[in-house]
Amino acid sequence: MPFGNQVFKKPEFKKISDVVWEIPTSFKQGMNVPARIFATKKIVDAMDLQVYDQITNVANLPGIQKYAFCMPDGHSGYGFPIGGVAAFDPDENGVISPGGIGFDINCGMRLVLTNLTYDQVKPHLKAIVDKLFERVPAGVGSTGFVKLTKDQFRKVVEEGAEWALDNGYAWKEDLERTELNGKAEWADNSKVSPKAIERGFNQIGTLGSGNHYLEIQVVKPENILDKELAKKWGLFPNQIVIMFHCGSRGFGHQIGTDYLQTFLSVMERKYGIKILDRELACAPFNSPEGQDYFKAMACAVNMSFVNRQVILHRIREVFSGVFKQDAEKLGMHMLFDVAHNRASLEEHEVNGKKKKLIVHRKGATGSYPSGREEIPKLYRNDGSPVIIGGSMETGSYLLVGGEKSNETFCSTAHGSGRTMSRTAATRMFRGDELQKDMMQKGIYVKSVSFSGLAEEAGGAYKNIDDVIEATHLAGISRKVCKLIPVGNVKG
Amino acid sequence: MPYKFLEDVAIADVAFEATGKTLEELFESCGLAVTNTMVKDLDSVKRKIVKDIEVESESIELLLFAFLQEIIFYKDAKLLLFNKFDVRIRQMKKKNRLKAKAYGEKLNMKKHELKVDVKAVSLHNFQVKKTRSVWKASVILDV
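Chains as they are written, first to last, in our numbering: chain F, 1 to 491; chain A, 1 to 143.
The set of hints was computed from the structure by calculation and includes no laboratory data. Ideal Cβ placement from N, Cα and C applies to all residues, glycine included. Treat each hint with caution, since some may be false.
Covered by chain F, according to a simulated footprint, are these stretches of chain A (three or more residues, beta-carbon under 8 Å) [claimed, not checked]:
no.	stretch
1	17-26
2	42-49
3	83-92
4	106-113
Cut-off 25 Å, straight-line C-alpha distance, at most; resulting in silico cross-link-like pairs (BS3-like, lysine-lysine) [claimed, not checked]:
no.	chain 1	residue 1	chain 2	residue 2
5	A	K106	F	K147
6	A	K48	F	K446
7	F	K220	F	K231
8	A	K84	F	K195
9	F	K126	A	K110
10	A	K48	A	K106
11	A	K111	F	K150
12	F	K436	A	K84
13	A	K106	F	K446
14	A	K129	F	K274
15	F	K436	A	K111
16	A	K51	F	K150
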């Protein structure tokens, strides 16, 4: 049985630059393109070897363009590694694969501003976190306050954030500050199984668990790294901001599961595609099955936008209640909402030719250089805001799409990346002790699960500063600001 | 314990190995492992509700995949946790059919010490295998 004692070999890297490492096609039979790892030497040397096995499996997929990429936060997952990016040309039998997106479709980050300073919030911090914990359900089996019938839910997943706006859960400007304006237009609920609907229709407004969280953060003056852009985007020294991380919940998970099975049954029989890991099950993008999945995936994209929008509504209510002021008066504008688990149809240049490609990002964030049409008008001249969440102990980053991101199909890292398994982390750390330690460091954390808390200890992750530095040096995203946690609701 | 969680197989996910003297026992062990990923103490779950689970598949592996997927489905759709399964499997020429009874109760955050939510069963390195005297499975859960 290979489980647990599988042997993976370390590739001989071709060094392209200090932060780009290439695995040539000779590494593994059937690689259509080389793989490229974006990371410093320190990070590459420490990556688990399974990452290299998984990213070179991706390089085997039909229709892949240029390179199979792995971002500096890369770690082994299933199918694609986490941090994996690959683009496929539908005109060259390019595929779509749920294993390149993840089960948590459109899982992403949202960053919300306030006009409050840390000094103003500090006396209320515990009250805010406790109230958020109560109002934003988290953990296994949590259900939301939005009561919908299954038929209504089918409408919601086609309308996305527009539904939230029509029902009083959004400000108009929120939609302008969300990728895709909060709506994947190509969503078609007839491609979604009744099971997916049943798993998700009562989960709007819930965080989920694992690495999902809601955090109160502070903009320390020394952490503002691009003063001009930070100011333009509404950040100021000692400001309090709110960041949260969640996805499409059971709804997205079931869609991923359903289509994994669909693709497995047709992939080889109907399309003659052979893969190296069943989690890479796929179908040509331009096949009936590929198109069905793309339309079902879009429903999960919309569900996640609505989920984050309803959570934002709740956050505004909580702050408004604590400070006895309207959320508008508290300056609670959303800065941006960006996903890190999605496939998108985008135009990119390949060998001097413009092509429409299906870009898969799994644990990788869209990072667009200025001028790209994917960026909302508000930010188009600056480059897209990139929100990267670190571990709950160490901090997170706001960045901007860098000029060099054209090399990675406009992608960058999405987090700090785990280095320790969950099981190992629960042996190493204790949730209750961690909570006390964090309190001493000035972070008030509340969780439904102490073991869940231990799994997310900062020590189980790579150093976020190293990961960000690698993306900055590679020019795929540039630092704007580091954000330090002071309060955390963990799922 | 008919299953054990593994430390160094899946970094972000949960990996376990399970065993059973029969195929049915193996499936029951795997079902318990899935529940135990979500709730710390299986004994804290009382057997108040019985659900019938029926799935079929061409391969034994995908039969296990479908069975575990049902447990995850019930967790979200009906908020049910199970701590006992009676599994019957019929292996036929072209199809394998599973009929099971799952015993458990509604999830209660006050009563059950919850751990991490299982999103899906991954097929990465998913295996069911028979050695001389025992059935073995290896599974990675996306959490």
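Now for the hints, and whether the structure bears them out:
1. 17-26: Coverage by chain F is violated for the stretch 17-26 of chain A (1 residues, Cβ < 8 Å).
2. 42-49: violated (count 0)
3. 83-92: Violated - the stretch 83-92 of chain A has 0 residues with a Cβ nearer than 8 Å to chain F, which falls short of three.
4. 106-113: This one holds; 3 residues, not fewer than the three required, reach chain F with a Cβ under 8 Å.
5. A/K106 - F/K147: 19 Å, holds
6. A/K48 - F/K446: Violated. A/K48 to F/K446 sits at ~31 Å, over the 25 Å cutoff.
7. F/K220 - F/K231: Status holds; Cα separation ~13 Å.
8. A/K84 - F/K195: 23 Å, holds
9. F/K126 - A/K110: Holds, at roughly 22 Å.
10. A/K48 - A/K106: Holds, at about 8 Å.
11. A/K111 - F/K150: 29 Å, violated
12. F/K436 - A/K84: Roughly 37 Å separates the two Cα atoms, so the pair is violated.
13. A/K106 - F/K446: 24 Å, holds
14. A/K129 - F/K274: 22 Å, holds
15. F/K436 - A/K111: With a Cα-Cα distance of about 24 Å, the restraint between F/K436 and A/K111 holds, given a limit of 25 Å.
16. A/K51 - F/K150: Holds. A/K51 to F/K150 sits at ~22 Å (cutoff 25 Å).
The structure is inconsistent with the numbered hints 1, 2, 3, 6, 11 and 12, although it conforms to all the rest.
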